[in-house]
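S.K.: The chain contents come next:
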Amino acid sequence: MIRAWLTQHGFVLILTLKRLISTPITTFLSIIVMGIALSMPTGIYVFMKNLQSVTGQAANSPQMSLFLRKEVNKEDIAKIKRNLEHNANIVSIQFVSKDAALQRLQQSNGLADITISLQHNPLPDAFVIHTAQNTSDMLEQLRAEMQSWPEVEHVQFDSAWLERLHALLKLGRFVVLMLATLLSVAIIAIMFNTIRLQILTKHDEIEISKLIGATDSFIRRPFLYFGTLQGLASGASAWLIVTFSIALINEEAYAFIHQSGIDFYLQPLSPHDSISLIVFSALLGWLGARLSVASHLWQIEPR
Amino acid sequence: MIVFKNVSKRYPDGYVALNNIDLTVEPGEMVFLTGHSGAGKSTLLKLISAIERPTSGTIAISGQNIARLKLGAIPYLRRKIGFIFQDHKLLFDRNVFNNVLLPLQISSFDSKTAASRVRAALDKVGLLKKEKSMPITLSGGERQRLCIARAIVHRPNILIADEPTGNLDVEYARDIMALFTSFNQVGVTVMIATHDASLLEDTQHRIILLKQGKLAV
Numbered sequence: 009m010i011r012a013w014l015t016q017h018g019f020v021l022i023l024t025l026k027r028l029i030s031t032p033i034t035t036f037l038s039i040i041v042m043g044i045a046l047s048m049p050t051g052i053y054v055f056m057k058n059l060q061s062v063t064g065q066a067a068n069s070p071q072m073s074l075f076l077r078k079e080v081n082k083e084d085i086a087k088i089k090r091n092l093e094h095n096a097n098i099v100s101i102q103f104v105s106k107d108a109a110l111q112r113l114q115q116s117n118g119l120a121d122i123t124i125s126l127q128h129n130p131l132p133d134a135f136v137i138h139t140a141q142n143t144s145d146m147l148e149q150l151r152a153e154m155q156s157w158p159e160v161e162h163v164q165f166d167s168a169w170l171e172r173l174h175a176l177l178k179l180g181r182f183v184v185l186m187l188a189t190l191l192s193v194a195i196i197a198i199m200f201n202t203i204r205l206q207i208l209t210k211h212d213e214i215e216i217s218k219l220i221g222a223t224d225s226f227i228r229r230p231f232l233y234f235g236t237l238q239g240l241a242s243g244a245s246a247w248l249i250v251t252f253s254i255a256l257i258n259e260e261a262y263a264f265i266h267q268s269g270i271d272f273y274l275q276p277l278s279p280h281d282s283i284s285l286i287v288f289s290a291l292l293g294w295l296g297a298r299l300s301v302a303s304h305l306w307q308i309e310p311r
Numbered sequence: 103m104i105v106f107k108n109v110s111k112r113y114p115d116g117y118v119a120l121n122n123i124d125l126t127v128e129p130g131e132m133v134f135l136t137g138h139s140g141a142g143k144s145t146l147l148k149l150i151s152a153i154e155r156p157t158s159g160t161i162a163i164s165g166q167n168i169a170r171l172k173l174g175a176i177p178y179l180r181r182k183i184g185f186i187f188q189d190h191k192l193l194f195d196r197n198v199f200n201n202v203l204l205p206l207q208i209s210s211f212d213s214k215t216a217a218s219r220v221r222a223a224l225d226k227v228g229l230l231k232k233e234k235s236m237p238i239t240l241s242g243g244e245r246q247r248l249c250i251a252r253a254i255v256h257r258p259n260i261l262i263a264d265e266p267t268g269n270l271d272v273e274y275a276r277d278i279m280a281l282f283t284s285f286n287q288v289g290v291t292v293m294i295a296t297h298d299a300s301l302l303e304d305t306q307h308r309i310i311l312l313k314q315g316k317l318a319v
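Protein chains in written order, with this note's numbering: chain A, 9 to 311; chain B, 103 to 319.
Here chain A stands alone, though its shape is the one from the complex (with noise of 0.2 angstroms):
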């Protein structure tokens, strides 16, 4: 009984694999069509999980600003630098002197108007510093003590642009979400149309094997393993784009990324987000042909 309902799904598969390459140009624009389709979000969601994956690290070493009070001089932002230094906790010092701040607000869009009105600059100096870790307690216990000392006006956490950036990244997500739903409504469109055309060219076969006494489970099985196999090939497709697309990319940023001395390379899809991709494109092409054999079979029935 298994025996045979082996024999019976081996000889399916195998006059599939058949069908599918007794028609190669056919099969082949096909699988690339859908293989592009979806290598369009899959690429996408490479960049945005590459990209993720730095602020991640970003994320490592928080940022604090230090604002001074205004009547500070040159010996107290020496000494604020050197507790400052003194300090484990503190990895990176940067001082921004109100001068410079004025000009770097000065050359922002929009605003060098009302800094050209000013009587006097208004803006602090400031320390802006990275810190080693980012357990809260410690850095909340830096920034009291920080803000104890009698130079500093207010200590501020700086993760606006990180959330600024997770906002983003977020956004990312939703387009990758949107995309990835439209191209796969896109393929299961194809591939419903596929079977259909399959159906209306085995029309008789169809019919006699039904007036024979085949189930309707015997005449939807070549077509569903055509359109799950097709599926396969399709999102194997799309992962060979999306993998000679990245290297193809890395090797272009090289020079690029080599001068600016960013550490930063498109790591390609995983083997775990490989087999999703791959599954899941099988899975739109079984889907996209079980229901145009839904559709279709029963106008085929014997009369």
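Keep in mind that the hints were calculated from the coordinates and are not lab data.
All C-beta atoms in this analysis are idealised placements derived from N, C-alpha and C, irrespective of residue type, glycine included.
One or more of the hints may lead you astray.
What the hints assert, rightly or not - Distance condition first, Cα-Cα at most 25 angstroms in a straight line; then the derived DSS-like pairs of lysine-lysine:
| no. | chain 1 | residue 1 | chain 2 | residue 2 |
| --- | --- | --- | --- | --- |
| 1 | B | Lys234 | A | Lys26 |
| 2 | B | Lys234 | A | Lys210 |
| 3 | A | Lys210 | B | Lys191 |
Claimed, not checked - Far from chain B by the CB rule (all over 12 angstroms, computed), these chain A residues:
| no. | residue |
| --- | --- |
| 4 | Phe103 |
| 5 | Val104 |
| 6 | Ala255 |
| 7 | Phe288 |
Claimed, not checked - The following label-pair restraints were derived from C-beta to C-beta distances:
| no. | chain 1 | residue 1 | chain 2 | residue 2 | range |
| --- | --- | --- | --- | --- | --- |
| 8 | B | Ile309 | A | Ile22 | 46 to 52 angstroms |
| 9 | B | His138 | A | Arg27 | 43 to 49 angstroms |
| 10 | A | Ile22 | B | Lys234 | 18 to 24 angstroms |
| 11 | A | Ile40 | B | Thr157 | 50 to 56 angstroms |
| 12 | B | Ala162 | A | Ala12 | 26 to 32 angstroms |
| 13 | B | Tyr113 | A | Phe19 | 38 to 44 angstroms |
| 14 | A | Leu205 | B | Gln314 | 29 to 35 angstroms |
| 15 | B | Asp212 | A | Asn58 | 27 to 33 angstroms |
| 16 | A | Leu37 | B | Tyr113 | 44 to 50 angstroms |
| 17 | A | Leu23 | B | Pro129 | 36 to 42 angstroms |
| 18 | B | Thr157 | A | Phe36 | 31 to 37 angstroms |
| 19 | A | Phe36 | B | Lys234 | 27 to 33 angstroms |
Add chain B to chain A, keeping to what the hints say.
M.R.: Only chain B this time, still in chain A's reference frame:
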């Protein structure tokens, strides 16, 4: 074996193809169904393999009422029956061997058993040498024998033939009839619809006459 009780078939357009048919065909019997075209012969045969469903009445095959058979059970009913269609219903995209193989593929036979059964069926109808031919190259008589081979390859208990000698000359028709007789001799119940009076002239088998959807006695 085949029992019709008060069976009527009315088509959606109001045409009554069969009107209150009561009919019993015994196991192993061979019967002829005759009448003018449009008398309801084809409809009656199609009811037996649930290609058509009756409007009212019951049809029992080996005790099972098929008038109310669920859709999912119909394929298994059809596998018990060998049906020879009036319009042949051969597949022209595959050779003789693969045409006869189809019922066995449907019933999940393993390929070794299937191949030997296909050859046995082709041998029985005298087409063994033509197993690689395409149906389009066969003569009318050969195509009819191919249909018969496909109908008997899964060894059904019931063989139904709708106008099996339709366009054949007398010589061929006699061959075909001899085949049916030989199946009947090994216990197969055979029902043949025909309007060919010459087939019925010297037969000892029962003849059922249909007139405008009714049994004429």
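S.K.: If a hint holds in the structure, say so; if it does not, say that too.
M.R.: Against the structure, the hints:
Between Lys234 of chain B and Lys26 of chain A, the direct Cα distance comes to roughly 20 angstroms. Compliance with the 25 angstroms bound is thereby established for this hinted pair. Using a Cα cut-off of 25 angstroms, the hinted pair Lys234 of chain B and Lys210 of chain A holds, with the two alpha carbons roughly 21 angstroms apart. For the proposed pair Lys210 of chain A and Lys191 of chain B, the alpha carbon gap of about 13 angstroms is at most 25 angstroms, so the pair holds. Look at Phe103 of chain A: its CB is around 82 angstroms from the nearest CB on chain B, clear of 12 angstroms, so calling it non-interface holds up.
The Cβ of Val104 of chain A sits about 79 angstroms from the closest Cβ of chain B, beyond the 12 angstroms cut-off, so the non-interface label holds. Under the 12 angstroms C-beta cut-off, the non-interface status given to Ala255 of chain A relative to chain B holds; the minimum distance is some 45 angstroms. Every CB of chain B lies more than 12 angstroms from the CB of Phe288 of chain A, the least distance being 31 angstroms, so the non-interface label holds. A C-beta distance of roughly 49 angstroms is found between Ile309 of chain B and Ile22 of chain A, which places it inside the suggested range of 46 to 52 angstroms.
Hint check: His138 of chain B to Arg27 of chain A, Cβ distance near 45 angstroms, so the stated range 43 to 49 angstroms holds. A C-beta distance of roughly 20 angstroms is found between Ile22 of chain A and Lys234 of chain B, which places it inside the suggested range of 18 to 24 angstroms. Hint check: Ile40 of chain A to Thr157 of chain B, Cβ distance near 53 angstroms, so the stated range 50 to 56 angstroms holds. Ala162 of chain B and Ala12 of chain A have their C-beta atoms about 30 angstroms apart, which keeps the hinted 26 to 32 angstroms range intact.
Between Tyr113 of chain B and Phe19 of chain A the C-beta distance comes to about 39 angstroms, which sits within the given range of 38 to 44 angstroms. As the Cβ distance of Leu205 of chain A to Gln314 of chain B is approximately 44 angstroms, the hint placing it in 29 to 35 angstroms is violated. Separation of Asp212 of chain B from Asn58 of chain A is about 52 angstroms and departs from the stated range, judged on CB atoms against 27 to 33 angstroms. Checked against the given bound of 44 to 50 angstroms, the beta carbons of Leu37 of chain A and Tyr113 of chain B, roughly 46 angstroms apart, stay inside it.
The beta-carbon spacing between Leu23 of chain A and Pro129 of chain B, approximately 38 angstroms, falls within the hinted interval of 36 to 42 angstroms. Taking 31 to 37 angstroms as the suggested C-beta distance range, the pair Thr157 of chain B and Phe36 of chain A does not conform, at roughly 52 angstroms. At roughly 31 angstroms, the beta carbons of Phe36 of chain A and Lys234 of chain B sit within the given window of 27 to 33 angstroms.
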